[in-house]
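J.: Just so you know, the protein sequences line up as chains H and W, in that order. Note that this note's numbering has the first sequence beginning at 1, numbered continuously upward. Note that this note's numbering has the second sequence beginning at 1001, numbered continuously upward.
The set of hints was computed from the structure by calculation and includes no laboratory data. Fair warning: this is a prediction, and the values are worked out from it, not measured in the lab. Warning: the hint list may mix true and false statements.
Said to hold, decoys possible - Covered, in the sense of this in silico footprint (three residues per stretch, anywhere, with C-beta under 8 Å from a C-beta of chain W), are these stretches of chain H: (1) 52-66; (2) 138-147.
Stated by the list, open to error - Beyond 10 Å from chain H on every Cβ pair, some chain W residues (computed): (3) 1056; (4) 1057; (5) 1073; (6) 1150; (7) 1161; (8) 1169; (9) 1177; (10) 1188.
For glycine and all other residues, C-beta sits at the position ideal for the given N, C-alpha and C.
Below, each chain spelled out in residue letters.
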Amino acid sequence: MEEALKQLKKHLSAVHPLSVKEWEDFAAIWQTVSYKRKTVLTAAGETERHLYFVLEGVQRAFYVDVDNEATIVFTYPHSFSGIADSFLTQQPSRYFLETLTASTFLRTSFQQVQTLMDKYHNAERLIRLFTSYALRGVLERQVELLTFSAEEKFKTLLKRSPHVLQLIPHKYLASYMGMDATTFSKLLASVRIES
Amino acid sequence: MIVKTFNKINLGVHQQLYSSTLIALFHQTKAMKKITTQTFIEQLETDTRQVMVALKRLQQQDPELLLQQPAPAKWSVAQVIEHLNTYGRYYLPKIREELCHNNFPASTYFSPGMLGAYFTKSMKPKPDGKIANKMKAFKNHSPEPNVDSKTALDEFDQQELLLLQLLNKGRDTDLSKIRIPISIAPFIRLKLGDVFAFIVAHHQRHFVQINDTLAAIKSRAYSDV
Chain H
1 MEEALKQLKK HLSAVHPLSV KEWEDFAAIW QTVSYKRKTV LTAAGETERH
51 LYFVLEGVQR AFYVDVDNEA TIVFTYPHSF SGIADSFLTQ QPSRYFLETL
101 TASTFLRTSF QQVQTLMDKY HNAERLIRLF TSYALRGVLE RQVELLTFSA
151 EEKFKTLLKR SPHVLQLIPH KYLASYMGMD ATTFSKLLAS VRIES
Chain W
1001 MIVKTFNKIN LGVHQQLYSS TLIALFHQTK AMKKITTQTF IEQLETDTRQ
1051 VMVALKRLQQ QDPELLLQQP APAKWSVAQV IEHLNTYGRY YLPKIREELC
1101 HNNFPASTYF SPGMLGAYFT KSMKPKPDGK IANKMKAFKN HSPEPNVDSK
1151 TALDEFDQQE LLLLQLLNKG RDTDLSKIRI PISIAPFIRL KLGDVFAFIV
1201 AHHQRHFVQI NDTLAAIKSR AYSDV
């Protein structure tokens, strides 16, 4: 737990530092939870009550279609997880959140975060900044999905987060980039030959 | 005479709830163990969310497909869902009522009852995802032949959400102290925890059936071409 909170603190400080007292209160709202692989943590229609900080494992948020699923986002250590829009608005989620591998988290509730935000202006600012960065990521991805060719998407992924190739099953990576699995494996094969 | 009546009741309760059942029940008593309420509820929540993913996929299917019967006298997907709805309509309001009015202190552990564990076990798909034993639906749970698929699926979606809320509330009570009369034999009152487990296992069972139904319909569609 102590090690986990240290990671969380590190993650927060990179964005916005908290005072000693603020951090003490902030650290007190987290619990450790573990789940097996392929556990659905949030179902569409449910309102996201939790904010997670990933300690171990990979998770994905996805939208369900008839035969396939559109993968929206992956989360892995050390980052926040949860269905962000549902958590922040406390409106029902349109997406599912599941663990892809056995996962351990620090977890807190909307209520507890809300209480802290009411108490400390700095806590609210911290959440706002994290939301801003998340929004920036989403818009960036929007552009990539709309303008990039399959090859460009693939190369960007390799450049930005090469480690995910080992971490995440390829069919989900393909779904994340909006291409089918065969296109993905062809692209992967071409890179292997080049290198 | 008394013996006769007793037999009748038993047969009415459950097709298999008879001599073999009594033996099965006896064997189970030894194997049953208590489990923390937290773990118990968490497992049921996880299973329910899994069903919700499958349901979401169904909701996006062509409604016509959901109305097709895989064979004469076999249920369409919409009918299966409607069958589940009839259970939800009976149990969920009752459970909500009990959870609102009883404030037993939360219990750390839950031990399944003998009968409850038996019902759940008879419903739950085997570890390989297959259904072990066929059953026939009770009259009061038989779906109408002309079900509207969208209405049925939307209702079930709402029921699943309510079930999740009730499961969550179940953490703050004693799942053994609250008792719920079962739909097919109201004189039997099962522990709330057993009713929860039964409902979820029943959903899982019928989602196996739904998969089989869709596969049968799709393969038939191909062979027609």
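J.: State for each hint whether it applies.
T.: Now for the hints, and whether the structure bears them out:
1. Chain W is given as covering the region 52-66 of chain H, and this holds because 3 residues of the stretch bring a CB closer than 8 Å to a CB of that chain, at least three being needed.
2. For the region 138-147 of chain H, the stated coverage by chain W is violated: 0 residues have a C-beta nearer than 8 Å to a C-beta of that chain, whereas at least 3 were required.
3. The Cβ of residue 1056/W does not lie farther than 10 Å from every Cβ of chain H; its closest approach is about 4 Å, which violates its non-interface assignment.
4. Some Cβ of chain H comes within 10 Å of the Cβ of residue 1057/W; the nearest lies about 5 Å off, and the non-interface call is violated.
5. Distance to chain H confirms residue 1073/W as a non-interface residue, since its nearest Cβ pair spans about 28 Å, more than 10 Å.
6. Under the 10 Å C-beta cut-off, the non-interface status given to residue 1150/W relative to chain H holds; the minimum distance is some 15 Å.
7. Against the 10 Å criterion, residue 1161/W falls within the reach of chain H, whose nearest CB is about 5 Å from its own CB.
8. Against the 10 Å criterion, residue 1169/W stays outside the reach of chain H, whose nearest CB is about 13 Å from its own CB.
9. Here residue 1177/W stays apart from chain H, with its beta-carbon at least about 26 Å from theirs, past the 10 Å limit.
10. Residue 1188/W, annotated as away from the interface, keeps every beta carbon of chain H farther than 10 Å; the closest lies near 31 Å.
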